[in-house]
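Protein chains: 2
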Amino acid sequence: MKKDNKKTDKQTQEIKYRIVVDAFGGDNAPLEIVEGALLAINKHKDLEIILCGDENKIKDILKGRVERVIIEHAPDVVSNCDQPTEAIRHKKDSSLVRAFDILKEREDVIGLVSAGSTGAVLAGAIMKIGRIKGISRPALAPILPTAKDSDVVIIDSGANIDCKPINLLHFAVMGSAYYSIIYKKENPRVALLSNGAEESKGNELVKETHPLLKEAPLNFVGNREGNDFMSGDVDVMVADGFPGNALLKGTEGAVKAVVSILKGSIKAGFWSKIGALLMKRVFKDIKNRVDVQGKHAGSPFLGCKKLVVKNHGVCKRLNIAASIDQTILLYNEKLNQKIEEAINHVSSKLKAIEEEKLKVGDKA
Amino acid sequence: MKKDNKKTDKQTQEIKYRIVVDAFGGDNAPLEIVEGALLAINKHKDLEIILCGDENKIKDILKGRVERVIIEHAPDVVSNCDQPTEAIRHKKDSSLVRAFDILKEREDVIGLVSAGSTGAVLAGAIMKIGRIKGISRPALAPILPTAKDSDVVIIDSGANIDCKPINLLHFAVMGSAYYSIIYKKENPRVALLSNGAEESKGNELVKETHPLLKEAPLNFVGNREGNDFMSGDVDVMVADGFPGNALLKGTEGAVKAVVSILKGSIKAGFWSKIGALLMKRVFKDIKNRVDVQGKHAGSPFLGCKKLVVKNHGVCKRLNIAASIDQTILLYNEKLNQKIEEAINHVSSKLKAIEEEKLKVGDKA
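In order, the protein sequences belong to chains A and B.
According to the numbering used here, the residues represented by the first sequence are 2 to 365, in order.
According to the numbering used here, the residues represented by the second sequence are 2 to 365, in order.
Derived by calculation from the structure, the hints in this document are not laboratory data.
Among the hints, a few may not be true.
Where chains are identical, the list cannot tell them apart; a pair therefore holds if satisfied intra-copy or between any two copies.
The list that follows gives simulated cross-link-like pairs (lysine-lysine, DSS-like), each with its CA atoms no further than 27 Å apart [said to hold, decoys possible]:
1) K268 - K339
2) K257 - K149
3) K186 - K257
4) K202 - K92
5) K58 - K202
6) K105 - K185
7) K215 - K358
8) K257 - K360
9) K281 - K268
10) K149 - K281
Sequences are here, hints too, so could you generate the full structure?
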């Protein structure tokens with residue numbers, strides 16, 4: 002008994018990161034979520050995970066693997082059918098709300114990971130944790146592979162509909178800060194999604210946003226069409242959540258359709274079947290690069306006061322482990338401080354431009 | 002000599018269709034355009050083509066193949082850099098404007114085919130030819146393959162930005178009429194592009210458009226996300242031109258990226274190279290199905306008083322020939338009459354609903 006106590010003390014001293022995980026969010030919960038958390042626990046010896054959800058079901062999966070794992074019993078579940086803000090308000094015993102309460106109350110908990118309903122996670126992030134000063138709309142920035150060696154993020158990808166130019170400016174600043182941390186790349190190339198590369202093209206929102214991005218301290222490469230999204234020529238694609246979602250989901254659907262056409266065509270011929278066997282590694286490569294169930298982490302809600310990482314509903318254990326990795330990285334690299342500084346900088350610049358305009362107006 | 006005259010007379014009697022072609026629009030003009038026209042001439046013995054453009058250059062390509070081909074000399078060219086309405090107004094000697102003038106002036110010319118600047122072709126269609134009564138915004142509806150055996154059209158794909166609900170209703174009606182003719186399918190499945198399948202999702206425009214589509218005499222299957230675009234579960238995807246363009250170009254870019262990743266991965270291994278050789282037919286299949294340079298026709302400007310078919314700038318001779326085929330089909334199947342009838346029907350229905358609402362208002 003004494004030895005056990007000592008061990009616990011030693012562990013407590015060593016814990017550098019505490020992350021809370023919604024064990025019952027997503028299509029493959031709780032198994033894949035819990036196993037993903039355990040992968041992260043094995044990798045990071047200074048990490049403690051708090052798993053929120055039905056205690057007995059979690060214990061069944063853990064099978065005694067409890068080192069640096071704490072269970073917070075929360076028998077209820079928020080589903081995709083629940084109205085997000087209602088769920089956050091009233092489902093107090095759900096795994097997601099309990100996880101948010103822990104993130105909110107405990108200063109030593111650095112972040113939250115969930116594969117639950119996007120709307121509910123966003124509502125929880127805003128209602129329980131709050132926004133970074135100056136940012137009115139936090140945004141999701143999922144990662145996709147490109148035709149070259151680099152990846153691309155899109156911000157916003159569906160959480161924020163009918164945005165204003167200032168929201169898109171904030172998305173650009175947050176996306177750029179996020180990309181530069183996860184890919185260790187200074188001044189990532191930021192583009193504005195439009196229906197043509199020319200400055201004169203675009204809807205009203207794009208036309209009003211373009212000059213703001215030009216003035217901002219960003220590596221703004223101009224307006225780009227959807228076909229540039231995966232070309233490798235853009236690092237951060239900025240868009241209102243509606244066309245952003247169309248672009249993101251459209252690429253997912255296209256990749257799926259191509260694979261499906263490919264499979265059908267392979268099955269239709271003897272030699273192509275042999276060929277496909279020889280190319281097995283190639284197909285595995287492709288799958289790893291483009292599959293949402295690959296090794297990619299989820300996306301943080303950029304602009305939220307604490308780190309909240311949202312995984313795709315169909316994600317598996319590797320994604321959850323990657324999201325936990327990412328939470329630690331973003332914490333160490335001070336993502337939120339960087340965002341706050343960048344937003345302050347942009348705001349003062351905008352203010353200066355406005356004042357300059359007023360002065361010119363006075364003279365005229 | 003006498004024999005020749007007789008032959009010409011006989012031909013003139015036999016001509017059922019006259020189509021005017023902008024021989025100098027597109028990246029591969031004039032060679033691919035002229036060769037495409039000749040393919041169509043060989044296929045349809047009752048077709049006459051009027052080729053607009055530099056006479057000597059066209060003659061060089063024709064090399065004496067002049068049966069049922071008429072050249073209309075127009076030495077100037079409208080480029081992508083020209084401001085569309087300016088070009089239509091002032092470049093009177095350009096191949097495109099001359100083609101529009103012929104389409105406008107000659108009742109016996111049933112349609113126009115061009116691979117030139119989208120903006121200029123749209124401007125020409127509206128300024129020279131005009132809109133079908135009741136339709137304020139003609140739209141482009143390009144065709145894409147799906148994971149199943151069917152194709153899908155998207156309307157609008159980029160010509161109409163910042164639309165109103167009534168425009169999207171018209172797009173749905175026109176897209177449905179168009180699809181049912183080219184695929185001989187009654188009641189094609191019409192979906193509204195949104196950021197979630199639920200009726201509650203969408204931006205303001207989608208929320209206002211959804212009930213209109215529900216009431217319209219269409220096979221409306223509800224809101225769909227971008228990943229359903231190429232799934233084969235939708236025939237006509239309706240969208241504002243901005244997200245529509247993001248979706249269309251995003252799928253193009255994704256297909257290109259997958260092929261590029263595939264190629265890179267194949268090159269990296271000996272066995273995969275052998276496998277790829279065995280799968281040559283499969284790759285050709287895919288290319289034929291998804292490539293814009295395949296056999297697909299261009300898209301007509303739906304809602305224009307006469308048939309104006311716009312090809313992709315990079316199109317080749319097979320596309321031009323397919324567009325001419327399509328023009329004949331749409332003419333025979335009376336596309337424009339069908340659109341006009343459908344729009345009238347929808348308008349009276351909308352009016353009746355409005356009146357009903359007013360009555361209810363009176364009673365309240």
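Results for each hint:
Proximity of K268 and K339 under a CA criterion of 27 Å is satisfied in neither setting, with 52 Å inside one chain copy and 41 Å between copies. Proximity of K257 to K149 under the C-alpha cut-off of 27 Å is found in both arrangements, the shortest distances being 19 Å within a copy and 11 Å between copies. Taking the closest pair of Cα atoms, K186 and K257 come within 27 Å of each other only across two copies (25 Å); inside a single copy the shortest separation is 30 Å, beyond that limit. Taking the shortest Cα distances, K202 and K92 sit within 27 Å of each other only across copies (22 Å), while inside one copy they are farther apart (46 Å).
In this assembly of identical chains, K58 and K202 lie within 27 Å of each other by CA distance neither inside one copy nor across copies; the values are 54 Å within and 33 Å between. In the homo-oligomer, the alpha carbons of K105 and K185 never lie at most 27 Å apart, since the shortest distance is 29 Å inside one protomer and 59 Å across protomers. Within a single copy, K215 and K358 get their C-alpha atoms as close as 16 Å, which meets the 27 Å cut-off; across copies the closest is 48 Å, which misses it. In the homo-oligomer, the alpha carbons of K257 and K360 never lie at most 27 Å apart, since the shortest distance is 55 Å inside one protomer and 50 Å across protomers.
Within a single copy, K281 and K268 get their C-alpha atoms as close as 14 Å, and across copies as close as 14 Å, so both meet the 27 Å cut-off. Proximity of K149 to K281 under the C-alpha cut-off of 27 Å is found in both arrangements, the shortest distances being 21 Å within a copy and 23 Å between copies.
Going down the numbered hints, you'll see the structure goes against 1, 5, 6 and 8, while the others check out.
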